[in-house]
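What follows is the residue order along each chain.
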Amino acid sequence: MNQLQQKYQDRITHTLSKYPDKRSAVMPLLYIAQEEYGWVSPEGIDQVAEICDMDATQVKSIAGFYTMYSEKPKGKYWLQVCTDLPCALRGADQFHEDLKAYLEVEEGGTTADGMFTVEHVMCLAACDKAPMLQCNFHFAENLDMDKMKVLIEQWRNEVNQQVNGSR
Amino acid sequence: MKHILFREHEVENIRELDVYVNNAGYAGLKKALGMTPDEVINTVKASGLRGRGGAGFPTGVKWSFIPKNEPVKYVAVNADESEPGTFKDRQIMENNPHQLIEGALICAYAIQAKAVYIYLRGEFWDLATQLDQCIEEARKAGYLGQNILGSTYSCEVYTHLGAGAYICGEESALLNSLEGKLGQPRVRPPFPAQKGGGLYGEPTVVNNVETLANVPFILYEGPEAFRAFGTEKSPGTKVFCVSGNVVKPGNYELPLGITFRELIYDHAGGIPDGRGIKGILPSGASGPIVPATDEVLDTPLTYEDMDKIGTVLGSASVIVLDDSIDIAWAASKMAKFFKHESCGKCTPCREGTYWIDKVLDRIITGDGAPSDVDLILNVAKNMQGVTLCALGDFAANPIIATIKHFPDEFKRYVDPALKQEKKAVAAPKRAGGAAQGRAGRGTEKTGLVPAGD
Amino acid sequence: MVKIYIDDREYDVPAGMNLVDAAKWHADNDIPVFCYHPKMEPVGMCRMCLVQQGAIEKDRATGEVVLDEHGQPKVRWMPKLQTACTQRVTDGMVIRTNTAEVDQARQNVIEFLLTSHPLDCPICDKGGECPLQNLTMEHGPGMSRMQFQDKQHLDKHVPLGDLIYLDEERCIQCARCVRFQDELVGDDVLAFHERGRRLQIITNSNPGFDTYFSGNTTDICPVGALTTADFRFGARPWELTEVPSIDPFDAAGSNISLSIRLDRDFGGKAMIKRVMPRQNESVNEIWISDKARFGHHFTRSENRAQSPMIRNANGQLMQTTWEEALKSVASILKAAGKDVAAIAGSQMSNEDLWALREVMSAVGSTRLGAWPITHAGADLVAQVGVGVGSNLGDLGKGDAVLIIASDLEEEVPIWRLRLKLAKERGVFLAVANARHTRMEDFATACLRYDYGMAAHFLSNLRAENPDLAQQLAQANNLIILTGAEGLSLDGSRALMQAAANFLIETGHVGKPNNGLLSTFPGPNGMGQYYMGFTPENTQDIMINPPKVLIVAQADLYHDDPSASQWVHEVETVINLTLFADETLSHEAHTILPIQSFAERDGTFTNGERRVQRFYTAQGPIADALPAWQVLSRLGEKLGRGKAKLSAATVMADIAKNVPAFAGVTYKEISNVKRQFPDVGGRDLYYGGTAYQNRGGLGVQLKTTAESGEAINTAPVELVNAPRSQAGQMLIVPTTVLYNRERTFLPSALMHPRVMMPYAEINSADAAKLGIKSGDVVEIVADTMRVRVKAHVNGGAPEGSIVLPRHLTTEAVPMTMTLGRVSKVD
Ligand SMILES: Cc1cc2nc3c(=O)[nH]c(=O)nc-3n(C[C@H](O)[C@H](O)[C@H](O)COP(=O)(O)O)c2cc1C
Ligand code: SF4
Ligand code: FES
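Keeping their order, the protein sequence lines are chains A, B and C.
Residue numbers for the first sequence follow the working numbering, beginning at 860 and rising by one.
Residue numbers for the second sequence follow the working numbering, beginning at 3 and rising by one.
Residue numbers for the third sequence follow the working numbering, beginning at 37 and rising by one.
Don't read these hints as lab results, they were simulated from the structure.
We put the beta carbon where it would ideally sit given N, CA and C, even for glycine.
A portion of the hints provided could be inaccurate.
Straight-line C-alpha distance at most 30 Å; calculated DSBU-like pairs for lysine-lysine [said to hold, decoys possible]:
| hint | chain 1 | residue 1 | chain 2 | residue 2 |
| --- | --- | --- | --- | --- |
| 1 | C | Lys673 | C | Lys692 |
| 2 | B | Lys197 | C | Lys94 |
| 3 | C | Lys75 | B | Lys197 |
| 4 | B | Lys70 | A | Lys881 |
| 5 | B | Lys413 | C | Lys187 |
| 6 | B | Lys70 | C | Lys673 |
| 7 | A | Lys881 | B | Lys406 |
| 8 | C | Lys192 | B | Lys183 |
| 9 | A | Lys1006 | B | Lys447 |
| 10 | B | Lys310 | A | Lys866 |
| 11 | C | Lys75 | C | Lys94 |
| 12 | C | Lys374 | C | Lys110 |
| 13 | B | Lys250 | B | Lys197 |
| 14 | B | Lys235 | C | Lys116 |
| 15 | C | Lys75 | C | Lys374 |
| 16 | B | Lys406 | C | Lys187 |
In silico negatives: residues of chain A with every beta carbon more than 12 Å from chain B [said to hold, decoys possible]:
| hint | residue |
| --- | --- |
| 17 | Arg949 |
| 18 | Glu963 |
| 19 | Glu1000 |
Let the hints inform the model, and build the full structure from the sequences given.
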């Protein structure tokens, strides 16, 4: 039993039980690996391959095809701003630029403190609530920079609390 | 108007199982279980319901393709909802989830499927958790699982999350993705309904969320009640997702056959700042753009009428572009989308989307030659009709239709007489201020959730 | 048969045939393709094969063809062009391949592909035999409208493991390589990464591109994106001459093509630059193992024996002339009376063996030993081997194959590949062995017995495994494929007899695709038998060593730990050898340098008894001569008549004297006929590279069962296998494909793939002995003492140690024995 299997035994067992074929579990398991390591790391890939009875090449292939798996480490908060046409018509491009400027990061870059990665993404099915972004796969909608600054502050506090709490 | 899908307008908290059940919830399923599978299929056929995922294929007919003698069959619910400008399935699942589950189960019963997989785009992460809870509740109440409502019929319902790939909305790519393979489309035939073509090679019905959410109503109220809405060829209501430059963007469930004008002005509040409309994308990025002429504005939104004005109803994701919008810029946005989403499996789409984006970028940064416009038009035409799946056609549309209807918007960038200086296009500033009126009660996400939750 | 219409002409073609294949085979119409390959399922990816397609309209009620106003059948055309590769022909199908629309579509696809393809044809390994290049000339737009500087610039030297390199810029994303590995091989170690234009081939296996068949992807890659580390930048394809040859490593006898060029690196002589498969649909189709492809370097090893040597009175080996050497050998043989024996290796050709037999006849000896002595029962293969016309590719539903006592992937990789596919076509594939082997991954049924008990298992099949016995007995066609793992030579004979009996009793002999096959080591195990060389004779030679021993292409010391004892008792050893540095050289009185398969012509008889020719390809090494020539000249000195001048005349002698070879001539062996699918030649785009068969498809020898003679079962003489006992364990020598044999080791390219010496130990045994994975252990059996790394729980059954041969420098016994293992501190 590998590390992922030990740590996430129930979730993995439940996931595998959904499908007649283990291979179908590769996507849910990659999410688990990403959760564990913060990105889809080589050890994550190898363990998922073992659980799904696949060659590691095939798992890496899946991880590379889908944009929600990150094959590189990301910031604690992975901010993905939708700048697709419907959002862009409602000012998302500007919002995206302002956010990057505020956090002092380049497109796809991570803040120096490792807190935030900012990148743009394609339509997230929230076009009527633009500008919006997803942060670690949770949506934040109807944003402007004022709201954003509050959120960023809250996220920073959260991390600080966790750090303090664990002391 | 009474809503078929967005019943939260009439019934508060319809998302909760007991509220749903108290308001005729799962009555359609109960009724279906008392009928033969064929009778269920015929009822759906009689309603004239057409697929809401884009192609508008008659739903009952699709179900009837499933071979009876195969022991294992599946239903895959297409909740990938990734077309730019589409956000309707999300609202249905957020506010009226049991109606989708019930519809999917009726479909499953009609084709005698063993299991239903709801394939959600990966970004519907939180939604999937909620749906899982609903499924659990429904199971406990006997609406799914073993011996549904005391009948001999059993069926499981599962959710499955994608991970960020528009192409997985294409049905055969969706099936590949569910099987843990690359989300690339398959060669057809065999079609999903045929042995060898569906999930795990078994005959499978793939239906959109909105399509299936209509089904409980059809069963419970009867096909005629459904046909009371819409037109002869396009019966029922449709959720119109209105986005872009309108005062009240949002989802509007309305009978098929209302006009663009009614939709945009009567329902979506018109255009901010009293501006005019330049163009309308009736079906997200993938359907051809139409200029906002009076003829277009007065065209009824039906499958048949959209055909007449050279576009498609598709998933009815109406993106409105006001008269300040640079069409070449909009085309470039769409080109970038398709380039990003091309799965890469077939040559014309993989290479075509790449080159269109590249050359279009050159055009809108002022470096293009007049021949560049012909070049992208020609590349787009060369992609049409020859790709493995419809994404290639979708990707060609924004180029072909924008150049056809708005040639001057491209000419400005490349005609030496017209282009004064290199100027990068400015993206629109915020349109009409912060979140405007809500049409549905789409729950707004605040983003106040801790990381890794 | 159905009627189809291609460009307005009518053709009768078999129903269900792929449209591209049908057009090519029956109408000589080459519909261009990139992704389609007749050996793989169509995927419709490249869109190159677009055609206009329609169907003749028929009246629903009457089934009559509907006619138009001109009295012509009415065609219902489809609105869009269709990909031909994804269609199967149906009655009344109409296609047009010559319309302006089709031309345009082809041109468009080429243009699309070229927009991303680099213009480095002049330096590309595929240049000159590249489907993309050829189809561009034929269907391309002539010029590109996309600017080169706009092209994506990607990595051009990505190693996919040590053997294959990927040029990301050149790849046209056809997925042939991916599909080959997945569908045909079952090692899905290649895949696409990313998507859209960023789609790239990757491998993430360990080691990279971990499979025995990787080289084949470079053949079927329709561009120069995949190249072998062996050939990369080695030569321009148009400078190469293709010489037909045979894989010298195993019993499959895969047909290969040696691409040669006069080369500076080889003194201006013809040199093998690469090894390619050569199509023989009944043998290896168009595939070869990486061992066959990359294992040719031994032919140019710096240790090749250069000239004849004789040991002088001081015990020193001195260079001499052929004339002197042969004179000396002749006198030694004459002086020995009849006390002469010969041992011949399985890389000796039929002609070599025959000439050796002639020498032995001249001195009146019949002590003809075959080397190595692992597999018995070649005589049974001659009687009830698979019938003439057998083809593993024809096996399908209703047929059955039993593989027993073999690790087939390691022993005969091409058979493993073809049987994996057979299983997928519906063959009942049973694999029986004492341990897990890779073949089990592809089997319908997996059976276990204890080491040494293979013959017992098969003899008692009806009683102990009635279901399996019935499955096999009732099969339409049945092949039993034996190895010799965990068996003594007697045990191997018992297994062969048990297999033969089962086949005879169930009526599965004397016809195609029925009978006995065995994984005889080397390319000419059956040739050894037909020429009279047997392992039983060798056993006798080992027990009663002769005064004079002729050793021909047999690495005695490296193969057999007891050699140091019994060879010592021989007075004079005459060694015909490729290598000057063989350990035997220390003992040999005379060393006669002979040529490898690459430098001369000859024939091998493969496990299916197919006699196949190989041709002179590479320039000679110093004074080395073909063994048949050396021996024939020796025969002349011993009074056997004039020495033969060509291998063909030796074959004529064989045909006269060996009944099974009656009528076999070089001419007949060299016959070729058109094979489906058409690959190579003009049809580069199918196979990707030219490997049409111009050297002959070979002649399959009849079994006794087919010549109408009565075949009787003989009782199986079961031998009691040694059982592990207190303190002792069964040492089971096994075969691994990549090893340190003399003929493989010089391929330095393969070194990273050759395992460090190891032994597999069961975890229960390991626990008892305090051994962990990675520990160094010493294994001692009567004449053997080796140190290897322990692999705990590598699949060895309790009580036994699986010890691969030819990984250690010291010899490991050829057959199973008892021994002790201990941890080395
Ligand atoms: C590129 C592409 C993307 C698609 N995306 C979606 C999607 O996100 N949601 C959906 O329901 N259908 C989508 N479709 C349509 C589906 O292939 C399929 O037609 C639909 O799920 C059928 O369901 P329906 O009959 O209920 O409409 C897409 C099609 C293509 C070619
Ligand atoms: S490497 Fe060659 S065979 Fe593989 S996908 Fe690319 S072009 Fe095709
Ligand atoms: S699509 Fe038919 S050969 Fe590639």
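Going down the list of hints, with the structure as the test:
1. Lys673(C) to Lys692(C): 22 Å, holds
2. Lys197(B) to Lys94(C): 26 Å, holds
3. Lys75(C) to Lys197(B): 23 Å, holds
4. Lys70(B) to Lys881(A): 27 Å, holds
5. Lys413(B) to Lys187(C): At roughly 25 Å apart (the allowed maximum being 30 Å), Lys187(C) and Lys413(B) satisfy the hint.
6. Lys70(B) to Lys673(C): 83 Å, violated
7. Lys881(A) to Lys406(B): 49 Å, violated
8. Lys192(C) to Lys183(B): 27 Å, holds
9. Lys1006(A) to Lys447(B): OK: Lys1006(A) and Lys447(B) at ~12 Å, within 30 Å.
10. Lys310(B) to Lys866(A): Not satisfied, since the Cα-Cα distance of roughly 58 Å exceeds 30 Å.
11. Lys75(C) to Lys94(C): 34 Å, violated
12. Lys374(C) to Lys110(C): 86 Å, violated
13. Lys250(B) to Lys197(B): Violated, at roughly 46 Å.
14. Lys235(B) to Lys116(C): 25 Å, holds
15. Lys75(C) to Lys374(C): Answer violated: Lys75(C) to Lys374(C) is near 56 Å, above 30 Å.
16. Lys406(B) to Lys187(C): 28 Å, holds
17. Arg949: 4 Å, violated
18. Glu963: Check passes; 20 Å lies beyond 12 Å.
19. Glu1000: 5 Å, violated
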